[in-house]
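S.K.: Residue strings, one per chain:
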Amino acid sequence: MRPSLPRVLLVGSGAREHAIALLLAGSPEEPEIAAVMDHFNPGIAEVAEKTGGRVYLAKTTSADSVLLVAEEYSPDLVVVGPEEPLFAGIANKLREKGFTVFGPDKELARIEKDKVFARSLMWRHGIPGRLRYKAFRDPEEASKYARVAGDVVVKPARQAGGSGVRIFAEPYEHLSKLARSVASEYVSAVAEKVKAKYSDMDYLVLVEERVDGVEYTVMTVTDGDSVVALPVVQDHPHVYPFDIGPETGGMGAIAGPCWTLPFITEEEYSESIEIIRKTIDALRSEIGKPYVGALSGQMMLTGFWGPTLIEYYSRFGDPEISALLFLLESSFLELLDRAASRRLAGYKLSIKCDQYVVVKAVAPSGYPLERARARGHPVAVDKDIVEKLGCELLYGGVDKNSTGDLVSTGSRLAEIVCPSDKGFEDASKRAEKAIAGIWLRDGHPLIHRWDIGSRVLLEQRVAMARRARISYTRRREKGLMAIYDWVPGQGLVKYNYE
Amino acid sequence: MGLLLTYFYEIDQDAGKYAYYGVMGLRHRGYRVVYAVLGPNGFEIGEANPWSEWGLPSGYAVIAGISPTARLATSRHNGRRVVAIIDGPCPVEKLAETMAKNDLRDVAEELVSGDEYRWCAAIALRSDGAFIAGRGKESRRPLSIGGYGFEALYAATETAPIILMGGSPRYDLGGGEAVYGDRYSLDRVHVPGRRRTSLFEYVYLARPDSLVDGVSVYAFRREMGRQLALIHDADVDVVVGVPETAIPYAIGYAEAKHVRLEQGFVSTLGRVRTALAPVSLEERLMMLSLKLNPVPGIFEDKSIAIVDDSVVTGLTLKTVIQRLRRLHGAREVHVAVSSPRIISRCRFGVQLVDESSLIARYLSDEDVSRVLDADSLVWLPLREAVRFLREHGVEPCTECMR
Numbered sequence: 001m002r003p004s005l006p007r008v009l010l011v012g013s014g015a016r017e018h019a020i021a022l023l024l025a026g027s028p029e030e031p032e033i034a035a036v037m038d039h040f041n042p043g044i045a046e047v048a049e050k051t052g053g054r055v056y057l058a059k060t061t062s063a064d065s066v067l068l069v070a071e072e073y074s075p076d077l078v079v080v081g082p083e084e085p086l087f088a089g090i091a092n093k094l095r096e097k098g099f100t101v102f103g104p105d106k107e108l109a110r111i112e113k114d115k116v117f118a119r120s121l122m123w124r125h126g127i128p129g130r131l132r133y134k135a136f137r138d139p140e141e142a143s144k145y146a147r148v149a150g151d152v153v154v155k156p157a158r159q160a161g162g163s164g165v166r167i168f169a170e171p172y173e174h175l176s177k178l179a180r181s182v183a184s185e186y187v188s189a190v191a192e193k194v195k196a197k198y199s200d201m202d203y204l205v206l207v208e209e210r211v212d213g214v215e216y217t218v219m220t221v222t223d224g225d226s227v228v229a230l231p232v233v234q235d236h237p238h239v240y241p242f243d244i245g246p247e248t249g250g251m252g253a254i255a256g257p258c259w260t261l262p263f264i265t266e267e268e269y270s271e272s273i274e275i276i277r278k279t280i281d282a283l284r285s286e287i288g289k290p291y292v293g294a295l296s297g298q299m300m301l302t303g304f305w306g307p308t309l310i311e312y313y314s315r316f317g318d319p320e321i322s323a324l325l326f327l328l329e330s331s332f333l334e335l336l337d338r339a340a341s342r343r344l345a346g347y348k349l350s351i352k353c354d355q356y357v358v359v360k361a362v363a364p365s366g367y368p369l370e371r372a373r374a375r376g377h378p379v380a381v382d383k384d385i386v387e388k389l390g391c392e393l394l395y396g397g398v399d400k401n402s403t404g405d406l407v408s409t410g411s412r413l414a415e416i417v418c419p420s421d422k423g424f425e426d427a428s429k430r431a432e433k434a435i436a437g438i439w440l441r442d443g444h445p446l447i448h449r450w451d452i453g454s455r456v457l458l459e460q461r462v463a464m465a466r467r468a469r470i471s472y473t474r475r476r477e478k479g480l481m482a483i484y485d486w487v488p489g490q491g492l493v494k495y496n497y498e
Numbered sequence: 001m002g003l004l005l006t007y008f009y010e011i012d013q014d015a016g017k018y019a020y021y022g023v024m025g026l027r028h029r030g031y032r033v034v035y036a037v038l039g040p041n042g043f044e045i046g047e048a049n050p051w052s053e054w055g056l057p058s059g060y061a062v063i064a065g066i067s068p069t070a071r072l073a074t075s076r077h078n079g080r081r082v083v084a085i086i087d088g089p090c091p092v093e094k095l096a097e098t099m100a101k102n103d104l105r106d107v108a109e110e111l112v113s114g115d116e117y118r119w120c121a122a123i124a125l126r127s128d129g130a131f132i133a134g135r136g137k138e139s140r141r142p143l144s145i146g147g148y149g150f151e152a153l154y155a156a157t158e159t160a161p162i163i164l165m166g167g168s169p170r171y172d173l174g175g176g177e178a179v180y181g182d183r184y185s186l187d188r189v190h191v192p193g194r195r196r197t198s199l200f201e202y203v204y205l206a207r208p209d210s211l212v213d214g215v216s217v218y219a220f221r222r223e224m225g226r227q228l229a230l231i232h233d234a235d236v237d238v239v240v241g242v243p244e245t246a247i248p249y250a251i252g253y254a255e256a257k258h259v260r261l262e263q264g265f266v267s268t269l270g271r272v273r274t275a276l277a278p279v280s281l282e283e284r285l286m287m288l289s290l291k292l293n294p295v296p297g298i299f300e301d302k303s304i305a306i307v308d309d310s311v312v313t314g315l316t317l318k319t320v321i322q323r324l325r326r327l328h329g330a331r332e333v334h335v336a337v338s339s340p341r342i343i344s345r346c347r348f349g350v351q352l353v354d355e356s357s358l359i360a361r362y363l364s365d366e367d368v369s370r371v372l373d374a375d376s377l378v379w380l381p382l383r384e385a386v387r388f389l390r391e392h393g394v395e396p397c398t399e400c401m402r
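As given, the protein sequences belong to chains A and B, one line each in that order. Going by the working numbering, the first sequence opens with residue 1, and the numbers climb by one from there. Going by the working numbering, the second sequence opens with residue 1, and the numbers climb by one from there.
Hints were generated in silico from the structure; no laboratory data involved. Every residue, glycine too, gets a C-beta built ideally from N, C-alpha and C. Mixed in with the good hints, there may be bad ones.
To be verified - Under the rule of at most 30 Å between Cα atoms (straight-line distance), these lysine-lysine pairs were calculated in the DSS-like manner:
#1 A:K134 with B:K17
#2 B:K17 with A:K193
#3 B:K101 with A:K144
#4 A:K177 with B:K17
#5 A:K195 with A:K106
#6 A:K383 with A:K429
Said to hold, decoys possible - What follows is a list of derived Cβ distance ranges for each label pair:
#7 B:H77 with A:T403: 52 to 62 Å
#8 A:H174 with B:S127: 25 to 35 Å
#9 A:A463 with B:R194: 18 to 28 Å
Same shape as in the complex, but just chain A:
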């Protein structure tokens, strides 16, 4: 082993961390990569083995456990992948002990964990792309409010793995009574759930105005001063094709060609980055610490404001980061290391501009509604099938059982990532073929979305974005940056978005 090679310790065991491991391993500095994970991810283990690193199994939300590993391995850089270890203060602890860490301290990761904090920060600092909301401590009060509010999104006040968000759309008045009574029941159920499960929250539930539009994700890397944006990626939260069915952590993604997607303009991309930059500044001024790590915005192009922030992630998005595997030209290690050591100023990221990337997640049937059905199935993989197609397989919700066999954990099992220089449809077709490279030995069915990357879906996005653009452009041209409501008996109410 050459002693000059940089040593990286990666925290986490999902498909996101597998992607990060591969991105780091592909850096010209040829780092040695070790990982500390909650469950055994064979993909990360393979990267560790190839680069001369090793893997540790430990509870990654325990600061002491992770610190023990870090002290033993003595890395030059620690990269924290998932949000829960960040919420638990892993980054704080390691920094205190003198490690160079990529990932924000818990006070800053609160931007993801605490939805009420995130929204109120946006209003306090006049950050563009914000939505009206109301937060509740009392389930009953929340329920009463939802009954009269209408056309809302209900979110648990605490980040809960992408689930628990429900939309109560009222595109038509004839459905309003119905939608409101369901929303009202749901909001109190969510509030009770958060109350029972988490003791670390001020508020229990958030009721937010619903907006329509095209969703996309902008991920950035920052050292608290400089911000480097990654290319726009689109996630697909619905579990089934045609954007149908319950919400998931993401069933796939598309990215490319170059910095943005065909339905998001350069200008909209820049404005989205600006929202994140302003958030980083606001956090600095309120918390008094620099944000070091990844900060991502799950955005929506809405008819009201154009780029609008739906949620923050204090990390890279999953599956969004996977798309970077075939887009990145720069050294990923240098990017993360310069951010972690607060030397990001002047950094220039380069990417490939001739690639279309499609990511498809594969999950055992049962996900996400009944994870028990999806759990415990033996996993088989033929990597040759995937690699011959020029694609990459990322392991996600897998673990070793007591006999050492690979089994499903009940979440998204794996991701297939395929590039193409011909277009999304070609990349999607290859991903469809590559999916044959993973199956469950007991015959339990796997689900995935064959429509990701299809022309039909892309055309729908383009049309939706065009409608949103017509509407928000008119608002801007006329300088209409406020919303007025008139409530009989109460008079005119103005919500200023300037």
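Here the structure of chain A is known, so what remains is to put chain B in place on it, guided by the hints.
M.R.: Then chain B, alone, in the frame of chain A:
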């Protein structure tokens, strides 16, 4: 003459309340709905007149069809119960039985490739929560799929009912294509097939606020109105649509002729399709006078073009023309029919006209004109309608038309 599927993924949700609006969005297609609602305690099956006071029972999934062409059948096997509804002349009992006994994928494959289902569209629900929605390989009936937030999957013959249930249309099934699934999956089967959607859907059946196979019904009708005007050799001062369902055609007609479009009539009955009403001849005539009360003054000493969206016996039109001549002083009355000549009953059951009552089947245009007492008469040229739809990927069935 229409199908609906409303499927909620959380079983504590009440699909019946949403499906109610879906059926309302299909009721212009007929006077009777058959339905099955699936809840935690099994199926409730029933039928109703959606033009009366009615409602649906509670449950997380609903299938419904507009009878008489949509027929419902049930089957039971090993404790599993299936309710199927097929629109068209295909064996609904067989489909229910197959679905009770077999794997969902096999049922879907049989539906899209089997000759006995080739003309039809079908939806079915099984007591374990499995569903299927598909079109036979040359299905005359369209079927669109939609979603409602993270909550539900919808399917309907046209897109307006999907929107009325709060959803968004997402995909139009082709011929030989079906989707099937349950709470844990959504899959698709597709065999080579064609969109042989009936031209009657575009001309008459569907709502103008719907898309059928991705084609805007309104845009089709307005364009056909334009085409009619271009071939109609008549000098007119005023254009009116009869009944109000003909107004999209009348708009296109007036635009191409550069003449004024007027609201010629006011209905006392609302938007009722008298041609589909199960009533006697006397009752139909009574309905007509209530439905088509002329606006005074706009016909006086004018040459009028009446754009009508279908002529079966010609009785409606004859009554209207007589009234305009006798009571309203119309100088000339020219007739533009925005459908091709209907000359036979549809063997796929898309329309159920009595062949012996089809004026275009028995009389020449000249004689039809004489019967109507019209100054001129044109029908929508079939080739124009077909050309328009072909350009949009639909190969319409025109078997009953000339």
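S.K.: Determine for every hint whether it applies to the structure shown.
M.R.: Against the structure, the hints:
no. : hint                           : in the structure
1   : A:K134 with B:K17              : holds (28 Å)
2   : B:K17 with A:K193              : holds (27 Å)
3   : B:K101 with A:K144             : violated (47 Å)
4   : A:K177 with B:K17              : holds (11 Å)
5   : A:K195 with A:K106             : holds (21 Å)
6   : A:K383 with A:K429             : holds (17 Å)
7   : B:H77 with A:T403: 52 to 62 Å  : violated (39 Å)
8   : A:H174 with B:S127: 25 to 35 Å : holds (31 Å)
9   : A:A463 with B:R194: 18 to 28 Å : holds (26 Å)
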